[in-house]
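*Asks:* Letter by letter, the chains look like this.
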Amino acid sequence: MEYAHSIEHAEIVHRCFRCGYCKFPGDYVDFNCPSYKAFGWDTYSPGGRMWLIRAWLNDEIKASPHFAEILYSCVACDNCKDQCVFPKFKDFLPDIFQETKAELVTEGKIPPKVRDYFKAITVNGNPYKLPQAERGKWAEGTGLQEFTDQEYLFYVGCVGSYDEVGQKMARTVGKLLADVGVSVGILGSEETCDGNEVKILGEIGLFTKLAEDNIMKFKKKGVKKIITLDPHALNVFKKDYPKLGGNFEVSHYTEILARLIKEKRIALSAYKGKVTYHDPCYLGRHNMIYAPPREILKGIPGLELVEMRRNGVSAFCCGGGGGNFFTDILGGGENSANRVRIREALETGARIIAVACPSCAKMLTDAVKMEERENQLEVLSIAEIVGRARSR
Amino acid sequence: MYALEFDENVCAKCPSPDCLLKCQYMKWDKETAHGEMMKVVRGEDSRLLKECVTCYACEEYCRRGNHPFYLISERREEKGLYTAPRPITNQWINMTRMQGKQMVGKITDRVLSSCFIPALGGMVSGEIFKDLTGSIVFGAEFMCPAVHTHFAKMSVIKERLPMVMENFKKLGVKEVICLHDECYGTYTSIASAYGMEVPFKPIYYMDFLLDRLKELQDKIKPLNIKAAYQRPCSNRLIPDKHHLAKDIMDFIGVELPEREYQDENCLCCADILRSISGYRLANDVQQRNIEDMLKTGAEYCVFNCPACQSTLSEKVGKKGLKPIHIIDLCKIAIGEKGGAVR
Amino acid sequence: MSDIFKSLIEIVGDRGVSNTPEELWFYSRDPGVLAPHRPDYVVAPQTTDQVQKVVQLANREKVPIVPMGNGMALTGLVIPLKGGIVMDMKRMNKILEVNEKARYVVVEGGTSQGVLKAYLQDHYPHLRHSLPDAPPVTTIAANVALHGQGRLTQQYGFNSDMVTGLEVVLPTGDICKIGSPSLGPYWFSKGPTLPDLSGLFLGWLGTTGIFTKVGLKLYPNKKIREVELFVTDRVELVSEILYKLTHLEMLEDINVWFQPKPLMFKDNYHITIYFTGDTEEEIEFKRKMIWDALQGFIDTKDGGFMGLQFMKEMLLEMPQRGIADFADVPKGGGFEYSGPITLVAHFPRYAAKVIELAAKYDVLYASSARIISGGHSMMFSISFAFNRADPAMMNRVKNALDEATGFALEMGGIPWKPNFMEQKMIMEKMDPNTLKLLQMVKRNLDPQGIMNPGNWEVN
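Chains as they are written, first to last, in the working numbering: chain Y, 65 to 456; chain B, 5 to 346; chain P, 15 to 473.
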């Protein structure tokens, strides 16, 4: 087949039936695709994107700014991959979206905010355009040491290093790990971007450079095991770095904490409260890690865990993935993902929404403010909750 | 062309036609029984050809190895008689047709055969099978066609069995561990009944299991449970192997309290009976069987055959018995997480 | 920016209207085989008021309007044949009211099947509605607007028979309540015992008004749902089998299907029999009755029940996700079907026709029939799969389907959700006075001819 553009999986794009299963979670309770929920046009749903990509491949439509916006409104939550009813190609949906974005990058047809994101990473090494030298500032006062030969590298990521909410989480997690005797070291100002978002957004060249630099650096320092703060980093280290020669044993901090609590190495006293847990897409759907955070919460005496209507594999994304954390293509409207999710959390009657990802933390914290519910719902990381429950 | 190697005189001179006298589905007296069997031998019409429900038991009851059930099936086919309805019979033939969709792992001299039953392939993991990991075959190309005896389609067996054995031969295997009684019964009982040469040594999986358990003796923690054993129809083709189920269970600390429907008097899972006869007979057989299990105070119902298991799991589960395959039971006994309870 | 566009923004807000090439391209087509036509605008209203204002604007400017759910009817009924406005109803997705004791629900014009199912499961688990096997994003309003069917059709008739009231925006812009809602706050009847005005809207494929609210009957949801599968290789026995089954008056859905692949289905006709109960006792009693009813066929060896261990979960799924798989068999993402309503006794003739058409047009077929109202009629679906990247194949499928519709008309059947060409075939065959009546109703309801034009038109 002759196509106007070249993407790896071009041969299967036409197989989408635009049946719409991808818009829903497994039990159809509400629309589970954040871009479709926010914008309401079928074009912003996964099936819509597939059909538009087919039109673009066949040169029936051009890659306009609107086309680019539709592509980049995807938050890469993987719900469509799970829900698509065509077993022979469902797994390639996210790949097709990413490959198309990569073509748009090559053709220079990306939204300005995405271009700015790449530029910031290229020039400053982070999307915040803040100095590299300040990357380790979050760790001040935590007592965390530079990585030399400790058992684990604690990898924090850009959000954890530079964003206020993310930094709080990084400090809490880092201190907790060190406190309970886990042998961790950090890279501090030597740490650089893991590249997960860069890859999803289609800048393959930049991603490859970031990854190769990281792999070389980790190997040089003798890093064998990594604990990540951010599930996005967990994802790219586990799934994409091996292909480039980077094979490390990667865990998310909740996996480590869950084990420590099970082994009774963290003494917990009662912390009363009603909490609900928000599955981060990159921990949950992408890497199928659902249990450890829940084990941690259930292990805290006095804490009542209630599940949101959509949880686990059908969890609704906070809207921070696919670069949207930085590009904010979804916008802050009533139907933007983070606000929908906070409303869902409030329905459980919980007073705390527990998060395990710094992007989720920031997105949901902002949403609580936008919904004007600061007095009813607190966004806390798993580590912070554990911290509050630790016996003195 | 293969023919059933059957000796008329053996039946003619039989002192006690246990094949029919012990039949659990038809009532006979000695006189009538012998006469009726001779009608079948001679190729005449007989109520046997209409009423036999294909439970395989007479293959075991016949002490003289004269294959009464295979004979009944042959005669049925000669006369164009169906057991299960014709569309169901044909469905089975179509469903098990070779289509080149086989799966062959990393074959060694010794191979596990999971026949055409995916559930079997799923069970062979862990310590017990560790030396055979990957040496496994699956597919219609390796399927023992014994099931077609239920449907009186011996011609399908005669056509396919040589091809199946040829497929094994082409792999160069020396030993085939049959994970299913029907497979082992095919390569022993059926093959020899039709004078077919078997180009490998068939090994019954329970022999292998017991050997492995003995090797792993130190790991065994006796389970100390009571169970009822669901003996499958195909075990009747290999009655000399029947004791192994109890031997294994003794070895791993599973008590099999005596029950009415055990050993020679066991009741089949009745799935085929349903197809052949209808709801009532199958339901009656299943109810009697399960009530008998419950009377023993058993906690578990132990299966040897995945077909029995998928037929009866839900039913025994509803009555409070935990369904489990004997392989999974062995895994639990050596401290491994037993496979999914179906 | 055109005046119309500006006016639309004023009505639905700037996120409620689009005329970008991308939206226009997408909304100009459906996943079936018919050619696309571009709309000028796509509009997604959120309230009845907005719908009304858009319709009023369309009347003023003489712009066509085509309402749509998710477009899964596949027969091009959401394609704007004369351009204009495509109105995507799916943002009106609420569930407005459940009257538990009267067993009805009132939903909006874009509420999806899936959302209603989930809502009932969460809040009224002892109630269910007649769920079709279409993907769950499809809307209740669209389904009843084209006389769709669902799991409860064998018991209770077409899904449109289950409507208990409507709120419709007429083509002239008036908002009209249909049935008991026109007299009071209850939604228990779509017509009786008044003159049944619902007939002016149900089955008209969006040419006589836009549904903004739909009342729908709910039914008892039993705790256990079970299935048996009866198989015969003699097509001429199918209607007798169905007659015996429907005589029991104790079944939920009955489907009859056949397809050449996978091999295990070859040459057989399969009858899926669903039944429900609240206790094991009820279920086993019904199961025994079903087996007894067909024992005669078992005895003659002409038919038997299949073992269902590995198919049961798939058969009991609601909606059946595997049905969409047929679209991918030619690795091409599509299928379309013709599903005429006909007498059960005609099953063998239709079955033969499917096989004949598949061979003639060299396309892959599947067929499934659903019994309606205890066997007074059945929906016989003739389904062909196509590869979307192969226009020649799509064309063959289209021709095969047209011939199927022609055949159905010859047999005295009624085509279901006909595309605009099949509508013309129907109107050509129709009793002339009936046709006159149909045209008179349409002309009077839609004097400007703006509602889904090109459909139910004689010219």
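Check the hints yourself; a few may be wrong.
Said to hold, decoys possible - List time: in silico DSS-like cross-link candidates among lysine-lysine, alpha-carbon distance up to 25 Å:
(1) 236(P) <-> 322(B)
(2) 152(Y) <-> 345(P)
(3) 315(P) <-> 31(B)
(4) 326(P) <-> 319(B)
(5) 345(P) <-> 275(P)
(6) 162(B) <-> 315(P)
(7) 273(Y) <-> 288(Y)
(8) 275(P) <-> 152(Y)
(9) 201(Y) <-> 152(Y)
(10) 201(Y) <-> 173(Y)
(11) 374(P) <-> 323(B)
(12) 326(Y) <-> 245(B)
(13) 319(B) <-> 438(P)
(14) 162(B) <-> 105(B)
(15) 250(B) <-> 225(B)
(16) 237(P) <-> 322(B)
(17) 83(B) <-> 105(B)
(18) 183(Y) <-> 193(Y)
(19) 178(B) <-> 245(B)
(20) 345(P) <-> 154(Y)
(21) 105(B) <-> 374(P)
(22) 438(P) <-> 76(P)
(23) 326(Y) <-> 307(Y)
Don't read these hints as lab results, they were simulated from the structure.
*Asks:* Against each hint, give a clear statement of whether it holds in the structure.
*Replies:* Consistency of the hints with the structure:
1. A C-alpha spacing of about 18 Å is found between residue 236(P) and residue 322(B), which places the hinted pair at or below 25 Å, so the restraint holds.
2. As the CA atoms of residue 152(Y) and residue 345(P) are separated by approximately 9 Å, the hinted pair is consistent with the 25 Å bound.
3. For the given pair, residue 315(P) sits about 24 Å from residue 31(B) by alpha-carbon distance, which is consistent with the 25 Å threshold.
4. This hinted pair checks out: residue 326(P) and residue 319(B) have alpha carbons roughly 15 Å apart, not beyond 25 Å.
5. The hinted pair formed by residue 345(P) and residue 275(P) meets the criterion: a straight-line CA distance of about 15 Å does not exceed 25 Å.
6. For the given pair, residue 162(B) sits about 24 Å from residue 315(P) by alpha-carbon distance, which is consistent with the 25 Å threshold.
7. This hinted pair checks out: residue 273(Y) and residue 288(Y) have alpha carbons roughly 21 Å apart, not beyond 25 Å.
8. Our distance criterion of 25 Å between C-alpha atoms is met by residue 275(P) and residue 152(Y), whose separation comes to about 17 Å.
9. Taking the CA atoms of residue 201(Y) and residue 152(Y), the gap is about 48 Å. The hint is violated against a cut of 25 Å.
10. At most 25 Å may separate the alpha-carbon atoms for a hinted pair to count; residue 201(Y) and residue 173(Y) exceed this at roughly 36 Å.
11. For the hint linking residue 374(P) to residue 323(B), the alpha-carbon distance of about 54 Å lies beyond 25 Å, and the restraint is violated.
12. Distance check on the hinted pair: residue 326(Y) and residue 245(B) sit about 46 Å apart at the alpha-carbon level, beyond 25 Å; violated.
13. Only pairs whose Cα atoms come within 25 Å are accepted, and residue 319(B) paired with residue 438(P) is rejected, the gap being roughly 55 Å.
14. A threshold of 25 Å between alpha carbons decides the hint, and for residue 162(B) with residue 105(B) the separation of about 22 Å falls inside it, so the pair holds.
15. The straight-line distance between the Cα atoms of residue 250(B) and residue 225(B) is roughly 17 Å, inside the 25 Å bound, and the hint therefore holds.
16. For the hint linking residue 237(P) to residue 322(B), the alpha-carbon distance of about 15 Å falls within 25 Å, and the restraint holds.
17. Of the supplied pair hints, the one linking residue 83(B) and residue 105(B) is violated, its CA atoms being roughly 34 Å apart against a limit of 25 Å.
18. Between residue 183(Y) and residue 193(Y), the direct Cα distance comes to roughly 9 Å. Compliance with the 25 Å bound is thereby established for this hinted pair.
19. The suggested pairing of residue 178(B) with residue 245(B) holds, with an alpha-carbon distance near 21 Å, which does not exceed 25 Å.
20. For the hint pairing residue 345(P) with residue 154(Y), the CA-to-CA distance comes to about 13 Å; that is within 25 Å, so the pair holds.
21. Note on residue 105(B) and residue 374(P): the hinted pairing is violated, with a Cα-Cα distance of about 30 Å set against a maximum of 25 Å.
22. Distance hint between residue 438(P) and residue 76(P) is fulfilled; the C-alpha atoms sit about 24 Å from each other, no more than 25 Å.
23. As the CA atoms of residue 326(Y) and residue 307(Y) are separated by approximately 34 Å, the hinted pair breaks the 25 Å bound.
Hint violations for this structure: numbers 9, 10, 11, 12, 13, 17, 21, 23, all remaining hints satisfied.
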